[in-house]
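Trainee: Chain by chain, the residues:
Number of protein chains: 2
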Amino acid sequence: MSKILRINTKKKTYTFEDVPENLAGLGGRALTSKIVLNEVPATCHPLGKSNKLVIAPGLLSGSPAANSGRLSVGAKSPLTKGIKESNSGGFVSAKLARLNIKAVILEDKPEDNDYSIIVIKNDSVEILSANEYKGHGNYIVMEKLWAKYGEKTGVMSIGQAGEQCLKAASIQQADLNGRPGRAIGRGGLGALMGSKKIKAIVVDDKGAGKVSIADSEAFKKANKRWVQMMKEHPVTGQGLPGLGTAVLVNVINEAGAFPTKNFRTGRFDHVQDISGEKMVELIEKRGGVVSEGCHPGCVIKCSQVYNDKNGDYLTSGFEYETIWAIGAHTTIKELDDIAMLDRLCDDFGIDTIETGVTIGIAMEGGLLNWGDGKAAIDLIQEIGKGTPLGKIIGNGAAFTGDALGVDRIPVVKSQALPAYDPRAVKGVGITYATTPMGADHTAGYGVTANILGVGGQIDPLKKEGNIALSQGLQIATAAIDAAGLCLFVAFAVLDNEDGVQIIVDMLNAQYGISLTPEDVITLGKSILNDEKEFNKKAGFTKLDDQLPEMFNESFPPHNTTWDFSTDELQEVLNF
Amino acid sequence: MSKILRINTKKKTYTFEDVPENLAGLGGRALTSKIVLNEVPATCHPLGKSNKLVIAPGLLSGSPAANSGRLSVGAKSPLTKGIKESNSGGFVSAKLARLNIKAVILEDKPEDNDYSIIVIKNDSVEILSANEYKGHGNYIVMEKLWAKYGEKTGVMSIGQAGEQCLKAASIQQADLNGRPGRAIGRGGLGALMGSKKIKAIVVDDKGAGKVSIADSEAFKKANKRWVQMMKEHPVTGQGLPGLGTAVLVNVINEAGAFPTKNFRTGRFDHVQDISGEKMVELIEKRGGVVSEGCHPGCVIKCSQVYNDKNGDYLTSGFEYETIWAIGAHTTIKELDDIAMLDRLCDDFGIDTIETGVTIGIAMEGGLLNWGDGKAAIDLIQEIGKGTPLGKIIGNGAAFTGDALGVDRIPVVKSQALPAYDPRAVKGVGITYATTPMGADHTAGYGVTANILGVGGQIDPLKKEGNIALSQGLQIATAAIDAAGLCLFVAFAVLDNEDGVQIIVDMLNAQYGISLTPEDVITLGKSILNDEKEFNKKAGFTKLDDQLPEMFNESFPPHNTTWDFSTDELQEVLNF
Numbered sequence: 026m027s028k029i030l031r032i033n034t035k036k037k038t039y040t041f042e043d044v045p046e047n048l049a050g051l052g053g054r055a056l057t058s059k060i061v062l063n064e065v066p067a068t069c070h071p072l073g074k075s076n077k078l079v080i081a082p083g084l085l086s087g088s089p090a091a092n093s094g095r096l097s098v099g100a101k102s103p104l105t106k107g108i109k110e111s112n113s114g115g116f117v118s119a120k121l122a123r124l125n126i127k128a129v130i131l132e133d134k135p136e137d138n139d140y141s142i143i144v145i146k147n148d149s150v151e152i153l154s155a156n157e158y159k160g161h162g163n164y165i166v167m168e169k170l171w172a173k174y175g176e177k178t179g180v181m182s183i184g185q186a187g188e189q190c191l192k193a194a195s196i197q198q199a200d201l202n203g204r205p206g207r208a209i210g211r212g213g214l215g216a217l218m219g220s221k222k223i224k225a226i227v228v229d230d231k232g233a234g235k236v237s238i239a240d241s242e243a244f245k246k247a248n249k250r251w252v253q254m255m256k257e258h259p260v261t262g263q264g265l266p267g268l269g270t271a272v273l274v275n276v277i278n279e280a281g282a283f284p285t286k287n288f289r290t291g292r293f294d295h296v297q298d299i300s301g302e303k304m305v306e307l308i309e310k311r312g313g314v315v316s317e318g319c320h321p322g323c324v325i326k327c328s329q330v331y332n333d334k335n336g337d338y339l340t341s342g343f344e345y346e347t348i349w350a351i352g353a354h355t356t357i358k359e360l361d362d363i364a365m366l367d368r369l370c371d372d373f374g375i376d377t378i379e380t381g382v383t384i385g386i387a388m389e390g391g392l393l394n395w396g397d398g399k400a401a402i403d404l405i406q407e408i409g410k411g412t413p414l415g416k417i418i419g420n421g422a423a424f425t426g427d428a429l430g431v432d433r434i435p436v437v438k439s440q441a442l443p444a445y446d447p448r449a450v451k452g453v454g455i456t457y458a459t460t461p462m463g464a465d466h467t468a469g470y471g472v473t474a475n476i477l478g479v480g481g482q483i484d485p486l487k488k489e490g491n492i493a494l495s496q497g498l499q500i501a502t503a504a505i506d507a508a509g510l511c512l513f514v515a516f517a518v519l520d521n522e523d524g525v526q527i528i529v530d531m532l533n534a535q536y537g538i539s540l541t542p543e544d545v546i547t548l549g550k551s552i553l554n555d556e557k558e559f560n561k562k563a564g565f566t567k568l569d570d571q572l573p574e575m576f577n578e579s580f581p582p583h584n585t586t587w588d589f590s591t592d593e594l595q596e597v598l599n600f
Numbered sequence: 026m027s028k029i030l031r032i033n034t035k036k037k038t039y040t041f042e043d044v045p046e047n048l049a050g051l052g053g054r055a056l057t058s059k060i061v062l063n064e065v066p067a068t069c070h071p072l073g074k075s076n077k078l079v080i081a082p083g084l085l086s087g088s089p090a091a092n093s094g095r096l097s098v099g100a101k102s103p104l105t106k107g108i109k110e111s112n113s114g115g116f117v118s119a120k121l122a123r124l125n126i127k128a129v130i131l132e133d134k135p136e137d138n139d140y141s142i143i144v145i146k147n148d149s150v151e152i153l154s155a156n157e158y159k160g161h162g163n164y165i166v167m168e169k170l171w172a173k174y175g176e177k178t179g180v181m182s183i184g185q186a187g188e189q190c191l192k193a194a195s196i197q198q199a200d201l202n203g204r205p206g207r208a209i210g211r212g213g214l215g216a217l218m219g220s221k222k223i224k225a226i227v228v229d230d231k232g233a234g235k236v237s238i239a240d241s242e243a244f245k246k247a248n249k250r251w252v253q254m255m256k257e258h259p260v261t262g263q264g265l266p267g268l269g270t271a272v273l274v275n276v277i278n279e280a281g282a283f284p285t286k287n288f289r290t291g292r293f294d295h296v297q298d299i300s301g302e303k304m305v306e307l308i309e310k311r312g313g314v315v316s317e318g319c320h321p322g323c324v325i326k327c328s329q330v331y332n333d334k335n336g337d338y339l340t341s342g343f344e345y346e347t348i349w350a351i352g353a354h355t356t357i358k359e360l361d362d363i364a365m366l367d368r369l370c371d372d373f374g375i376d377t378i379e380t381g382v383t384i385g386i387a388m389e390g391g392l393l394n395w396g397d398g399k400a401a402i403d404l405i406q407e408i409g410k411g412t413p414l415g416k417i418i419g420n421g422a423a424f425t426g427d428a429l430g431v432d433r434i435p436v437v438k439s440q441a442l443p444a445y446d447p448r449a450v451k452g453v454g455i456t457y458a459t460t461p462m463g464a465d466h467t468a469g470y471g472v473t474a475n476i477l478g479v480g481g482q483i484d485p486l487k488k489e490g491n492i493a494l495s496q497g498l499q500i501a502t503a504a505i506d507a508a509g510l511c512l513f514v515a516f517a518v519l520d521n522e523d524g525v526q527i528i529v530d531m532l533n534a535q536y537g538i539s540l541t542p543e544d545v546i547t548l549g550k551s552i553l554n555d556e557k558e559f560n561k562k563a564g565f566t567k568l569d570d571q572l573p574e575m576f577n578e579s580f581p582p583h584n585t586t587w588d589f590s591t592d593e594l595q596e597v598l599n600f
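Same order as they appear, the protein sequences are chains A and B. Yeah, the first sequence ends on 600 if you go by the numbering used here, and it's all consecutive. Yeah, the second sequence ends on 600 if you go by the numbering used here, and it's all consecutive.
A few of these clues could be false.
[Claimed, not checked] List of simulated lysine-lysine pairs, DSS-like, C-alpha gap at most 30 Å: (1) B/K562 to A/K487; (2) B/K286 to A/K36; (3) B/K561 to A/K488; (4) A/K36 to A/K134; (5) A/K177 to A/K235; (6) A/K557 to B/K487; (7) B/K561 to A/K557; (8) B/K146 to A/K567; (9) A/K399 to A/K310; (10) A/K286 to B/K35; (11) A/K567 to B/K557; (12) B/K146 to B/K134; (13) B/K488 to A/K562; (14) B/K410 to A/K286; (15) B/K74 to A/K74; (16) A/K562 to B/K550; (17) A/K550 to B/K562; (18) A/K557 to B/K557; (19) B/K561 to B/K410; (20) A/K550 to B/K567; (21) B/K74 to A/K487; (22) A/K222 to B/K35; (23) A/K74 to B/K488; (24) B/K562 to A/K562; (25) A/K562 to B/K487; (26) A/K561 to B/K550.
[As the list claims (entries may be wrong)] For each label pair, taking beta carbons as the anchor points, the in silico distance ranges come out as: (27) B/H295 to A/N156: 30 to 40 Å; (28) A/R289 to B/K169: 35 to 45 Å; (29) B/P542 to A/N47: 50 to 60 Å; (30) B/K488 to A/D137: 34 to 44 Å; (31) B/T586 to A/N156: 49 to 59 Å.
Treat the hints as calculated values from the structure; they're not laboratory data. Every value quoted in this text rests on a predicted model; they were computed, and no experiment measured them. Ideal placement from N, C-alpha and C gives every residue a C-beta, glycine not left out.
Please work from the sequences and hints to get the whole structure.
Mentor: Here is the structure:
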């Protein structure tokens, strides 16, 4: 029987609890959001003792289902002050599932300054001193932890940013090579882990059995269709494995939707210098790895290893959104500088999107010159050093804008907008405005039908059809996040009339139940309703579901503006 | 006929406008709040071009009415992001009234970094380069401006904090000696003036006639009763002139309501070192001035000049709330250090309450040791230098708490709580929670009936009667702020059944109208309703009308807690 592992970070004690009736059947984001809604006082200080960090594998995590290894982490966000779920690949999700742990809940907070690590094994839970890890970046921490607990151990840890409780701090997960290449990036959940003085969580499933599957024959059949569907789709079968998510650099720039110089224009003059094609050319020349998974069992493999010009390892998990945020947004055009900044972000444990956007805001405020990659590297080093300047930058774009008196700050619910301009990809703009998560492309990726021609075609520059697009995607995404599936499976699912049915077949086979595709929609809506309820209790109003006034500016080359009223946007999640 | 002077800070142009029907009969806070509600988009960025800085003398300002020289300044607050009115003494209010200027409205913002000063005279308005003042503190700026435009000229200016658009930045007014001793302190209005690149506003009424009085005989009679009433009341006639507002240090400490070490206890061990009695002893020994007005025509005279141990001028306008914030709150016990910090705040142009509370939060976050006055002076110097650390501190308590990951932050609507613990003076605690201004004792000073026995007696530790107390005071205060009267007149008014009638008589005599005391109440309610409406449009909900969770802690010596529910508090301004 699955259990909930509840850890008191002040008393350094833990309990295993049976899963209560109302949480049965939930996993991943469905579970983290439900527990946060039920247990966290919505008006509490996000770094206070009342907030909780909830970690949950998805419903399919740990099973042989391809791309099912995403780990959901939820809480009241230190950045948005609303509910948050952020997820990543890595090893932890599958291992927790195999240990029959449905969720780990970190509660309370220590009054002293002693850090701990939590080591979860098949027959033990230990809360140990983290003295030897404290103050170190994630690269060293993960290296030490793999050396001590073995390779392929699941690790999630915080760097210097999380220790300082900075609001852009991430929790990083060890990737397939034991490096902090996978980020639970958005919403500052690393700050919350830091406030609870947990430096790392180690998960080792040695001795645990497999995840139990009610009908393994049916499961195997469904998974075979599942893998085949992803291999056959051009995005999941070719685009992403071929160039990583950076395949989008040229695509989005061509669409005139690549926000450049703090969202002033939609095309970047130096786009070729930072494109996916350029990245792969350099990776191949320097002996890196073009394509690998973010977790075991991934068949898309959009991650990579990027070496420096000497052929030495520089960074991995080098995403399109990172390249955009640190690159076009700031007009930095040297890919090696961007890669170094990505590495620093992973090491210090800080969200690359938030940090890239923040560098641009610092440029807007005159702290450094537009396009100066070397100055940006110096700036981000301040986070690691813990200087006052580092604390400003590490608290994100809205905070830095406030510190510097900048009034053009691209945030929703205090979270930085990602790499698609909302005036040129209106379907995703609606998601930025309305998702309970704060500006987040992964919450309802309207780029699909707007730009990629996946799941239909909806004009990205017009209003028509985009509210329905964002709504449908937000519902579907919530369900995908509950399953522990990688969001990118959606590309194939959206273009395959059998797609949702395959997921339902896997769930039914694993749990011996009989869901229908409608049940999946109902689950997605129910997750969003839980999240909306939390935010309402936290004081959010419809005015928080809107883009800032800077998006009333006309946006070249299409010269469109943001034209959805707050009342129109209220319809998006009204169900 | 009175006019509205509207200045476009981008184009450097101005117009005089007739006062529209809907603004006739309004002055001071009534006028600033109405204009802000009507003209400022509630969801705009407070430092963006859509925000406006509205400056208005009170209805009685410029007349011979004693204590009528308060100047109201309103806007969307950079600190609270809600509506704001902050007022101070000085020369500007009476002079604007004599120039028949009912309000000055600063609009738009320049795109370049050139600062201007605005010089308003009887026959001209000039918008001039401020090059020679830029980068200087208020002491030098005011010295230069009096040298250039003459002594007793009205001056309001910003220091380095306002230039940096820091959210705790004040606008300072020249006091009777031409020093920046009077502060439009709360809500960060100096940041807004800085965003509009206005370094100073100079007001010279040479050549202007007197304010017209419809029935000067009746006015004179009413004013005589007015002055007599204030002279006869123990607080306005003896306490305040004798020891300044610092008379309260011992009183509030004795009451166990003097928040010490970031609101942990209600009594400060070293209270004698920072008491009003001690201050006056030092002033007398060092050849300072014990009692002077904050504006011409003041009969209470609670301001003072405080010299250093060499007998040289150190600071003035050394208020109880400043001594508390920089002193007991931080446990700094050296009055000379506190005075130096008060001076630095006036010079850099930053709110002393917000800054004192922020120093305590910096101590909470480990940036400096509790009680270390010298380290606090070094810290505040950073604001003047414009360093990243200065930018953190200068953005106030909530911002600094966020920067440092501190979760015990005493703010409401992001504005720091003043010098009376809400658990031991519940009448003022209700005001902190519910006033549209953010935590502000001057918005409804329940200390009167709770502690001072003025206007009745209501137990400060119990709930009973305190909601009605705060409600009544908030309404009355709004009306007093509209009249341009010093809030301290309320001490006498509350204890005198003729008090409100005298104010009404003066208004009627000046304007040839026939208000009743009920009309004054109606005006107060109408102001609060305007302010509530703006905040609602800006996204505030009832959850913003509550104290932070740290006030659930028991507070010694009375060991009371904050026990008003959010729903109870909604009743306070429900009329």
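Trainee: Against this structure, judge whether each hint is valid.
Mentor: Results for each hint:
{"no.": "1", "hint": "B/K562 to A/K487", "in the structure": "holds (28 Å)"}
{"no.": "2", "hint": "B/K286 to A/K36", "in the structure": "holds (26 Å)"}
{"no.": "3", "hint": "B/K561 to A/K488", "in the structure": "holds (28 Å)"}
{"no.": "4", "hint": "A/K36 to A/K134", "in the structure": "holds (9 Å)"}
{"no.": "5", "hint": "A/K177 to A/K235", "in the structure": "holds (16 Å)"}
{"no.": "6", "hint": "A/K557 to B/K487", "in the structure": "violated (36 Å)"}
{"no.": "7", "hint": "B/K561 to A/K557", "in the structure": "holds (19 Å)"}
{"no.": "8", "hint": "B/K146 to A/K567", "in the structure": "violated (46 Å)"}
{"no.": "9", "hint": "A/K399 to A/K310", "in the structure": "holds (23 Å)"}
{"no.": "10", "hint": "A/K286 to B/K35", "in the structure": "holds (24 Å)"}
{"no.": "11", "hint": "A/K567 to B/K557", "in the structure": "holds (17 Å)"}
{"no.": "12", "hint": "B/K146 to B/K134", "in the structure": "holds (23 Å)"}
{"no.": "13", "hint": "B/K488 to A/K562", "in the structure": "holds (25 Å)"}
{"no.": "14", "hint": "B/K410 to A/K286", "in the structure": "holds (29 Å)"}
{"no.": "15", "hint": "B/K74 to A/K74", "in the structure": "violated (40 Å)"}
{"no.": "16", "hint": "A/K562 to B/K550", "in the structure": "holds (28 Å)"}
{"no.": "17", "hint": "A/K550 to B/K562", "in the structure": "holds (28 Å)"}
{"no.": "18", "hint": "A/K557 to B/K557", "in the structure": "holds (25 Å)"}
{"no.": "19", "hint": "B/K561 to B/K410", "in the structure": "violated (37 Å)"}
{"no.": "20", "hint": "A/K550 to B/K567", "in the structure": "holds (27 Å)"}
{"no.": "21", "hint": "B/K74 to A/K487", "in the structure": "holds (28 Å)"}
{"no.": "22", "hint": "A/K222 to B/K35", "in the structure": "violated (49 Å)"}
{"no.": "23", "hint": "A/K74 to B/K488", "in the structure": "holds (28 Å)"}
{"no.": "24", "hint": "B/K562 to A/K562", "in the structure": "holds (18 Å)"}
{"no.": "25", "hint": "A/K562 to B/K487", "in the structure": "holds (28 Å)"}
{"no.": "26", "hint": "A/K561 to B/K550", "in the structure": "holds (29 Å)"}
{"no.": "27", "hint": "B/H295 to A/N156: 30 to 40 Å", "in the structure": "holds (38 Å)"}
{"no.": "28", "hint": "A/R289 to B/K169: 35 to 45 Å", "in the structure": "holds (39 Å)"}
{"no.": "29", "hint": "B/P542 to A/N47: 50 to 60 Å", "in the structure": "holds (58 Å)"}
{"no.": "30", "hint": "B/K488 to A/D137: 34 to 44 Å", "in the structure": "holds (36 Å)"}
{"no.": "31", "hint": "B/T586 to A/N156: 49 to 59 Å", "in the structure": "violated (37 Å)"}
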